[in-house]
Every structure is written in C-alpha cells, then in structure tokens.
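There are 2 protein chains.
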Amino acid sequence: MIDKEIRRPSRRYDYQTDGLAIYKESFGIIRAEAPLHELPESLRGVAVRVAHAAGDTEVVRELAAHPDVVEAARAALDAGGAILTDSEMLARGVTRRRLPARNEVLCTLRDPRVPELATEWGTTRSAAAVSLWRERLDGAVVAIGNAPTALFHLLELLADGAPRPAAIVGMPVGFVGSAESKSALAEHELPGGQVPWLVVRGRRGGSAMAAAALNALANPDELA
Amino acid sequence: MIDKEIRRPSRRYDYQTDGLAIYKESFGIIRAEAPLHELPESLRGVAVRVAHAAGDTEVVRELAAHPDVVEAARAALDAGGAILTDSEMLARGVTRRRLPARNEVLCTLRDPRVPELATEWGTTRSAAAVSLWRERLDGAVVAIGNAPTALFHLLELLADGAPRPAAIVGMPVGFVGSAESKSALAEHELPGGQVPWLVVRGRRGGSAMAAAALNALANPDELA
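Chains as they are written, first to last, in our numbering: chain A, 1 to 224; chain B, 1 to 224.
One chain only, chain A, in its complex shape (with noise of 0.2 Å):
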C-alpha cells in the first residue's frame, strides 16, 4: 500500500514520461544520425547501445571487433557462460533481466586476496583482480569498462596458458594505456588464434559503454 501522502508532482515541464516511448525515440534518433553503415550489420545492435549510453553516435566511429564477437558472446551466454567485470559500477549496469541464462556477474575486485597480490605483483588491484577469474574464464564473456592494465593483465594470463574466455569487450576508459590496451587486444595472437573481441578505440569507454554492450550481446532485443 501507498503512503498517501506520496503524490506525484504537478506536472511544470513538457517532457516524455513513457519509458518505453523514450527508448524508441532514442533508438530512432540513434539509428538516424549515427554512421552504422560503416559497420558490419552484427554490429549495428551494439553499436546503437554503445551511442545510447555515450550520448554521443559520434562514438560509433571508434567501434571495432572481431568478427565473430557478437555470435561469441551470445553463445556463450545463451549457454549460461558468466560476465567477468573489472569495476563494480559495470557489474550492476548489467541489465539482469535481459540475461539468457540467470548468468553469474562477477568482479573479483574486492576479494580480500586483491590488495595483497597488487603490492606483491607491483601491479594494479583491478590487474590482480583479473588473476582470480581463472577458475571462471572457460567460456565466460569478459568486460572490462575500468582499467587499461587490467585488459593488458588478461592478455598476458591468456599468453600464458589460461582457459580461454568466449569474449572480451574491452572498454577501458582514460589516458594512461587506454588506447594502447585496446590495440594490444585488437592485435593479440593466441595458438587457437583470437579471442573474439569488441573495442571503443581512443581514450573514450568505461563502465556505461561497456555495460550497453553487454547488454546488447545478451539479447538481440533492443527493447527487452
């Protein structure tokens, strides 16, 4: 039951208050103005989401991936793989109810081993972070929306040996390696070749991007 005393607001402002309405006139201003043709038709779906979440279809321009990527992380999704993360802000933007399979959403941040890794490594704690996801990379779709040397991390792990994950999207944000961690995935070389992969190339990226783009390689409905 409603407290009465909970009223809406006198209405003062001209604005859409129909959520759904909402998502379809972005989507259609999205599709309108953003250069998709230059993408591969895959790709089309994420890069709309990726553009929602920057504000900005501009960045659609720095899209790029690996062929295979969206059909990947579907996949493996779809078989009930987890989402591994490097920030907690990208694990909560992950829209559990468009997940196909109740997947995990992990992010190993605050595991009490992290700090003690970090110092004994001299490396990030979201790079250390990343060392405690080899039980759950087999098959797991990787996200990370934080820390460039948190993708740089994974990608040595994955040099030496570890299970390879299905997917990575890598979306580090910032100015200090990010640019540079995102060419090192599009460029990696694995015996069994690449793990397939989604970048923002640049500078831009983080959390918000990478979480749309999950949530588009969860489910191909834009409105679910």
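Just so you know, these hints were derived from the structure itself, not from any lab.
Do not take every clue at face value.
[Stated by the list, open to error] What the simulated footprint calls covered on chain B by chain A, stretch by stretch (three residues with Cβ under 8 Å from a Cβ of chain A suffice, anywhere in the stretch; the number is not a length):
1. 98-107
2. 200-214
[To be verified] Residues of chain A placed beyond 10 Å of chain B at every Cβ, according to the derived structure:
3. LEU36
4. GLU41
5. ALA53
6. GLU88
7. LEU99
8. PRO100
9. ARG113
10. PRO148
11. GLU156
12. ASP160
13. ALA162
14. ALA186
15. GLY192
16. ASN219
Please read all numbers here as calculations on a predicted model, not as lab measurements.
Yeah, the Cβ is synthetic: ideal placement off N, Cα and C, and Gly gets one too.
Position chain B against the provided structure of chain A, taking the given hints into account.
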C-alpha cells in the same frame, strides 16, 4: 594466505602498473589539454575528474554550474548530508573512502513501492523513485546520472515545496529530454533562490561522469 597457484603472468607489454602514477599522469594530461581556463577556479578539480571519467577533455566545454555549487556540496557532505542518486550504477561509482562523514549513498529505484507509483502516475520508475527521497532531501547532494525524467520530476517536487537539497548534479545522458532537463535545472527558479547545480550540457552525461563529479565534490584531494 595466497593460493600458491596464483602467479603473476609473464610481463609481455610495456605499461604503467603503478596506480598512483597512472592517476598523476592522467590528471597531468587532462590539465595540459583541457580548456580549464574557461572555468572558474573552484570548478577545475571537478572538471578534471569529469574529463577523466569521460576519457575526453572536450567535455569540459559542456560543463556549466551555479557559482556556489562546489562550496555548497562540500559543506553539505562535511555536515553528513546524504547522497541521493537515480541509478544503482551511479551509487556504486561513489568512492566511499573519499566521503568526509561516512555519508549515506541512497538509490531508491528498487524500492518496492516504485513500480506501483510509476504506473499510477504514468511516469518512469526513475522519476517515481525520486518521490521517495522526500524525507532525505533536506541538505542532501542529489546526483542524476541516468534519467532526464528523474531530473524533471525532482524540479517539479521542488517547485511544489519539497525540502531543498544542498546541491544538484544534473548529468542525465541521452537523446530524449536529456539536454532539456539540464537546461531546466540551470534555469529553475524557487522562492529561496536556485539550488546550486552542476550540469554537463547536451546529450552527454551518465553514471560515470556523475560519480566522478560527486567524488570531486566530496573531497578536494585529487589523489585521495
């Protein structure tokens, strides 16, 4: 005790692994590149953090603020005021160790009353959730990082005489209503004068930028 099987992977890339050095270098790049001279001095620390979260120094040009916002927000948080947010992601992005008084960080989006209120009022859940802030508004710092409807709804509540927060960070993102809601915040009028406000004009914004703004407002120490 650390599991002996967890080892640092072999170093294969040349990247900065010292978190503090990464922060310092990042902020140095931002200070060198961003048009901070166009901003009042009190706002520059906030601008640096917002640019850092955006991975883009040009976003500084879209910042606008009431002249008292930094002082008002900091005083409110020092006095133990709550932080009220429209999204779980934004709440998650507030760095707790930067808060001066173990301030409460509250997002009411998942309150069980929200879906019913939203349906009854014909508005979004983000907007309805704002009505549940009422008892907490007095002296709080409000941050909107997702939904324009939440910001419009808040302004309507205030116009109806709701308790005044100490400051409003208005950074909803998107293509429908976002720019308009931020203009409405910048232009709002109340009998006691405006509530001090901070916005990123236009379509950009989002949880990451809003969290960065809160983290800067909470603590003037850049590297805290």
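Separation of ASP160/A from chain B, once the least beta-carbon distance is taken, above 10 Å: For ASP160/A, whose nearest Cβ neighbour in chain B is about 5 Å away, the distance does not exceed 10 Å, so it is violated.
Annotated coverage of the region 200-214 of chain B by chain A, confirmed only when three residues or more have a Cβ within 8 Å: holds (count 8)
So is ALA186/A really clear of chain B, every C-beta pair being over 10 Å apart? At about 13 Å from chain B, ALA186/A clears the 10 Å cut-off, so the statement holds.
Mind verifying the non-interface call on ARG113/A? Its CB should be farther than 10 Å from each CB in chain B. The claim breaks: ARG113/A does not keep its Cβ more than 10 Å from every Cβ of chain B (closest is about 6 Å).
Is the nearest Cβ of chain B still more than 10 Å from the Cβ of GLU156/A? Violated, since 4 Å does not exceed 10 Å.
Is the nearest Cβ of chain B still more than 10 Å from the Cβ of ALA53/A? For ALA53/A, whose nearest Cβ neighbour in chain B is about 7 Å away, the distance does not exceed 10 Å, so it is violated.
Least C-beta distance from LEU36/A to chain B larger than 10 Å: holds (15 Å)
Examine each Cβ of chain B, and state whether all of them lie more than 10 Å from the Cβ of ALA162/A. The claim breaks: ALA162/A does not keep its Cβ more than 10 Å from every Cβ of chain B (closest is about 8 Å).
Quick check: the region 98-107 of chain B, covered by chain A? Criterion 3+ residues, Cβ under 8 Å. violated (count 0)
Reported absence of GLU41/A from the contact zone with chain B (all CB gaps over 10 Å): holds (22 Å)
Check on GLU88/A being off the interface with chain B, judged by Cβ distance over 10 Å: The claim is violated: GLU88/A sits with its nearest Cβ about 5 Å from chain B, within 10 Å.
So PRO148/A supposedly isn't at the interface. Is its beta-carbon more than 10 Å from every beta-carbon in chain B? violated (7 Å)
Hint compliance for this structure: hints 1, 5, 6, 9, 10, 11, 12 and 13 are not met, and every other hint is.
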